[in-house]
Amino acid sequence: MRTPLASGLSAAPLLFLLAALATRRWEFILLGLAPLVFLAFGSLFPPERPRVVGERTLSRDRVQVGSDAEVTLTIRNEGPSLDLVEVLDVLTPELAVVQGTNHAVVSLPEGESLSLTYRVRPSLKGDYKIGPTRVRALDPLALGVEDALAAGSTRIVVAPVMEDMRRVQLGPRRTRPWFGHVTSRQIGAGLEFWGIREYVPGDEVRRINWKASARLDRIFSNVYEGERSGDVVIILDARWESAVGTPTVNAVEYGVRAALSVADHVLASKNRVGLIVQRDVLDWVPPAFGRKQLYRILDHLVHVRAGGEWPYTFVAWVLSRYFPRDALVVLISPLTDRTALDAVTNLAALGYDVAVLSPSPLQIERRFLPPGPERDLAYRLLAVERENLVSQLRRVAQVVDWDPSTPLALPLRRMKAWPRPA
Amino acid sequence: MKPAILWALPLVVLGVLAAWVLWETVHLGNPRALQGAAILWGLAMIFLVFGLRYRGLTMRRAGLVLLGSLYFGLHVLFLPLDLIPALTFLTLLLAYLELRVLAERFAPIYARDLSPEARARIRGGLARAVVRLSLAGAMAFLVPIFAEDLAVAGTVPATTIPSALLLAGALVAVIVLLALLPVWQRREE
Chain A
773 MRTPLASGLS AAPLLFLLAA LATRRWEFIL LGLAPLVFLA FGSLFPPERP
823 RVVGERTLSR DRVQVGSDAE VTLTIRNEGP SLDLVEVLDV LTPELAVVQG
873 TNHAVVSLPE GESLSLTYRV RPSLKGDYKI GPTRVRALDP LALGVEDALA
923 AGSTRIVVAP VMEDMRRVQL GPRRTRPWFG HVTSRQIGAG LEFWGIREYV
973 PGDEVRRINW KASARLDRIF SNVYEGERSG DVVIILDARW ESAVGTPTVN
1023 AVEYGVRAAL SVADHVLASK NRVGLIVQRD VLDWVPPAFG RKQLYRILDH
1073 LVHVRAGGEW PYTFVAWVLS RYFPRDALVV LISPLTDRTA LDAVTNLAAL
1123 GYDVAVLSPS PLQIERRFLP PGPERDLAYR LLAVERENLV SQLRRVAQVV
1173 DWDPSTPLAL PLRRMKAWPR PA
Chain B
36 MKPAILWALP LVVLGVLAAW VLWETVHLGN PRALQGAAIL WGLAMIFLVF
86 GLRYRGLTMR RAGLVLLGSL YFGLHVLFLP LDLIPALTFL TLLLAYLELR
136 VLAERFAPIY ARDLSPEARA RIRGGLARAV VRLSLAGAMA FLVPIFAEDL
186 AVAGTVPATT IPSALLLAGA LVAVIVLLAL LPVWQRREE
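So the sequences go chain by chain: A and B.
Numbering-wise (this note's numbering), the first sequence opens with residue 773 and increments by one.
Numbering-wise (this note's numbering), the second sequence opens with residue 36 and increments by one.
A couple of the hints might just be wrong.
Not the full set, but computed from the structure, chain B residues with beta-carbon under 7 Å of chain A [claimed, not checked]:
| hint | residue |
| --- | --- |
| 1 | Leu118 |
| 2 | Ile119 |
| 3 | Arg158 |
| 4 | Val211 |
One side of the interface only, derived from the structure: several residues of chain B facing chain A at Cβ under 7 Å [as the list claims (entries may be wrong)]:
| hint | residue |
| --- | --- |
| 5 | Leu44 |
| 6 | Arg90 |
| 7 | Leu114 |
| 8 | Pro115 |
| 9 | Leu127 |
| 10 | Ala138 |
| 11 | Ala142 |
| 12 | Arg154 |
| 13 | Arg156 |
| 14 | Met174 |
| 15 | Pro179 |
| 16 | Leu185 |
| 17 | Ala208 |
In short, the hints are calculated from the structure, not lab data.
Glycine included, C-beta positions come from ideal geometry on N, C-alpha and C.
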């Protein structure tokens, strides 16, 4: 393939020729020889079409935002010697090269290999592809190029950062008849003492209350509050208007991070978790237990990008149609409009236990604005408006107003139990 | 080699070219010609500076074409055209284009954190390109001078109409050949 420079150099002698004829000066003819010599020199050693084979290996195919993955690319020349060859392993802008290089211009003799090792650090969660590897044989005088592909693409899944939620008490208030970690206020297998009752055959010996038995001259057994599990449905608001901030730092991204952390924490407590995402499409994951469910939720969250304008009425319809009625509904939304207030009020009226976790869009925007009296005044006004909305929401639901610059566990730990006990 | 040096080299050459044209402009005897040439020179500089600052390829090209046209225009209209200075100017212009391409290819790579092996291989590639460019530049400068010597010595009668036609025909043939060569190669493949 000829480059624009080669075309320009081809045109230059013709222009000099015309100039020579127009001005009747033979010097112009001689001047036309200079670009011709360049062209002739370039065509003596034209770039060969590269015949190369590439192989790419990744240290990890699943990484977290901010952590590194090492990529090793090996290119082997199976064709003629290449004087100058440009190798580029194509990366998406979200994958930043922090060490080494994915781009090189080298000489590659026949049969020789080139190995490029580099580390990428993703700045945003997502399902990305590394590659393909583009190889371009160059003419040292930049007069021609020949392109080829050396290696295909490799998939890398970038998960959002998980918040540390170890000391957070978060779980459903209403339970279902499965063993779990939530105290159910019903007699059953558990650790919380509930009372004593007369011994019946089959009671475990270690449950006999010897003091009570000695005092009352009959055998009594301890009974405990049964620990059950419940259902939690996470509703993630990823509509256009919720994406306050930059493409990498915005309320939707923080919402995704919070949703994954809450799901992990609730699943670890042996509860079922489901997910509804408001984005371009309204998609959901039905409630289920265990590690597999966490990966299912993670796969959904990885693809979440702000978009769409699905109203809450559709979410409420999906919730009533596909999710259990006695589930705890955790709405994760920056609360950028008042429709959330109506939605939460309606859900509470329908009998759902609702909790709202709101990554504060004010705190996100505040970070990106230069300090000054105007910013502070605007912030105060908007903060009053937001406090008003939050206080209205608190009448029907538990609300956590989260400043995303602080760990999520911080506002959650301030509460004894979340949501509030009955 | 540091990326800064790679980026600076074409800029130095461009600076020399601009200064050269300015020098010739300010030494024009005709005040109206001086005024017009100065305006054109300023325009070329604006195009070049904006093109370099904002990576505008079209503006950069327009600036270069304007600068080159101004130099040769001045020599056609107001100044004598000597072969060696004109050839030096043209070779410097071509060298600028080639150095710019080299800088665009190699400087971003050198700016990265490279292993010693990768750095050595890239240095080898750069050295090969520089040698090829130096040879081409030297040939581009020397071949027209030899041609002039041959013409002046009378070996080739350059001032007759048949030889002018022959030379023009040869030029056109070579250009057509160079233009068609990639197409023929592709057909062969």
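- Message: Holds or violated: the hint that B:Ala138 contacts chain A, with Cβ atoms closer than 7 Å.
- Response: With a closest approach of 11 Å, the B:Ala138 hint is violated.
- Would you check whether B:Ala142 satisfies its interface hint, that is, whether its CB is within less than 7 Å of any CB in chain A? violated, 10 Å
Does the interface hint hold: is B:Met174 within less than 7 Å of chain A, judged Cβ to Cβ?
Holds - the Cβ of B:Met174 comes within 7 Å of chain A, reaching about 5 Å at its closest.
Q) Holds or violated: B:Ile119 as interface residue toward chain A, Cβ cutoff 7 Å? A) Result: violated, 10 Å to nearest chain A Cβ.
Minimum beta-carbon distance criterion (7 Å), B:Leu127 to chain A | violated, 11 Å
query: Any CB of chain A closer than 7 Å to the CB of B:Pro179?
result: Holds. Min distance 4 Å.
Chain A contact restraint on B:Arg156 - CB to CB distance below 7 Å:
Result: holds, 4 Å to nearest chain A Cβ.
| task | Against chain A, run the beta carbon of B:Leu185 and see if the smallest gap drops under 7 Å. | result | Since the shortest Cβ distance to chain A is 10 Å, the answer is violated.
With chain A as the partner, please determine if B:Arg90 meets the hint condition of a C-beta pair closer than 7 Å. Not OK, violated: B:Arg90 not within 7 Å of chain A, min 15 Å.
*asked:* Please check whether B:Arg154 passes as an interface residue: C-beta within 7 Å of a C-beta belonging to chain A.
replied: violated, 10 Å
Any CB of chain A closer than 7 Å to the CB of B:Leu118?
OK, holds: B:Leu118 within 7 Å of chain A, min 5 Å.
A closest beta-carbon separation below 7 Å is what the hint needs, so does B:Pro115 meet it against chain A? Where the cut-off is 7 Å and the nearest Cβ of chain A is about 10 Å from B:Pro115, the hint is violated.
In this structure, the earlier hints numbered 2, 3, 4, 5, 6, 7, 8, 9, 10, 11, 12, 16 and 17 are contradicted, and the remaining ones agree with it.
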